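Residue numbers (the numbering used here), protein chains in the order written: chain U, 1 to 108; chain X, 109 to 231.
Calculated from the structure, these hints are not laboratory results. Careful: at least some of the hints might be erroneous.
The following label-pair restraints were derived from C-beta to C-beta distances [said to hold, decoys possible]: (1) X:Lys151 to U:Gln27: 17 to 25 angstroms; (2) X:Val110 to U:Arg76: 25 to 33 angstroms; (3) U:Ser52 to X:Ser148: 24 to 32 angstroms; (4) U:Lys39 to X:Pro169: 26 to 34 angstroms; (5) U:Lys42 to X:Ser136: 19 to 27 angstroms; (6) U:Asp17 to X:Thr127: 44 to 52 angstroms; (7) X:Val208 to U:Ser77: 30 to 38 angstroms; (8) U:Val58 to X:Val208: 18 to 26 angstroms; (9) U:Lys42 to X:Ser139: 26 to 34 angstroms.
As the structure is a computational prediction, the values presented were derived from the model and not from experiment. For glycine and all other residues, C-beta sits at the position ideal for the given N, C-alpha and C.
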Amino acid sequence: DIQMTQSPSSLSASVGDRVTITCRASQNISTYLNWYQQKPGKAPKLLIYGASTLQSGVPSRFSGGGSGTYFTLTIRSLQLEDFATYYCQQSYNILMYTFGQGTKLGIK
Amino acid sequence: QVQLQESGPRLVKPSETLTLTCIVSGGSISSDYWTWIRQSPGKGLEWIGYLHDSGTTNFNPSLKSRVTISMDTSKKQFSLKLTSVTAADTAVYYCARLNVVIESGAMNWFDPWGQGILVTVSS
Numbered sequence: 001d002i003q004m005t006q007s008p009s010s011l012s013a014s015v016g017d018r019v020t021i022t023c024r025a026s027q028n029i030s031t032y033l034n035w036y037q038q039k040p041g042k043a044p045k046l047l048i049y050g051a052s053t054l055q056s057g058v059p060s061r062f063s064g065g066g067s068g069t070y071f072t073l074t075i076r077s078l079q080l081e082d083f084a085t086y087y088c089q090q091s092y093n094i095l096m097y098t099f100g101q102g103t104k105l106g107i108k
Numbered sequence: 109q110v111q112l113q114e115s116g117p118r119l120v121k122p123s124e125t126l127t128l129t130c131i132v133s134g135g136s137i138s139s140d141y142w143t144w145i146r147q148s149p150g151k152g153l154e155w156i157g158y159l160h161d162s163g164t165t166n167f168n169p170s171l172k173s174r175v176t177i178s179m180d181t182s183k184k185q186f187s188l189k190l191t192s193v194t195a196a197d198t199a200v201y202y203c204a205r206l207n208v209v210i211e212s213g214a215m216n217w218f219d220p221w222g223q224g225i226l227v228t229v230s231s
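With the hints as constraints, model all of the structure from the sequences given.
Pasting the structure below:
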């Protein structure tokens, strides 16, 4: 299986801050990397697919980058509604999809 | 806009079969891949398997021996059966569409998701 490791596991930030979450894959996955946002009691919501393509309707303050084994999710100018848990997911191995363990973004 | 809704028993006894249904509204169920994913505190998000209306299926190897995913296109719904459940199968179960774009090198992602249903395995 392709292991996905996110860091940090949690972080605290303030409204207006810029934050970056990283995701590492245990092998080369090209740009087959997706990012999801999950709020308490809700289903995950797709933010970015193909490592850097913003899903329709997602604010432009979200951006994704990287390829191979190293990926980033950056949120520029945090808003209150952005405090949530974020997951990366590899879609390279379609026989076994795997997710990162999640990064909980809290208010400082 | 496609919406998904899970339904089924919220309490299942150990050793019995968990059966959930996902109803698709606002779009067609044909020519797409449909998937089940679960989330438990101990294991995070875990992909269970997917089904295409062509009959193509694929399952998480760790669950493959216990999982069946089927589809009823006339009712626009697909179902999950998980046999011989234990407490470790207690989780929130989500259905989702697996989008695949062949033109972009088969980029694929899960969207949309159902709201999820918490299933507890307990006697």
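Each hint tested on the structure:
1. X:Lys151 to U:Gln27: 17 to 25 angstroms: Given a distance of about 21 angstroms, which is inside 17 to 25 angstroms, the answer is holds.
2. X:Val110 to U:Arg76: 25 to 33 angstroms: holds, 30 angstroms
3. U:Ser52 to X:Ser148: 24 to 32 angstroms: holds, 30 angstroms
4. U:Lys39 to X:Pro169: 26 to 34 angstroms: For Lys39 (chain U) and Pro169 (chain X) the Cβ distance comes to about 31 angstroms; the hint holds.
5. U:Lys42 to X:Ser136: 19 to 27 angstroms: holds, 25 angstroms
6. U:Asp17 to X:Thr127: 44 to 52 angstroms: Between Asp17 (chain U) and Thr127 (chain X), where Cβ atoms are some 45 angstroms apart, the hint holds.
7. X:Val208 to U:Ser77: 30 to 38 angstroms: Cβ of Val208 (chain X) to Cβ of Ser77 (chain U): about 33 angstroms, so the range 30 to 38 angstroms holds.
8. U:Val58 to X:Val208: 18 to 26 angstroms: Between Val58 (chain U) and Val208 (chain X), where Cβ atoms are some 20 angstroms apart, the hint holds.
9. U:Lys42 to X:Ser139: 26 to 34 angstroms: Check passed, 28 angstroms falls within 26 to 34 angstroms.
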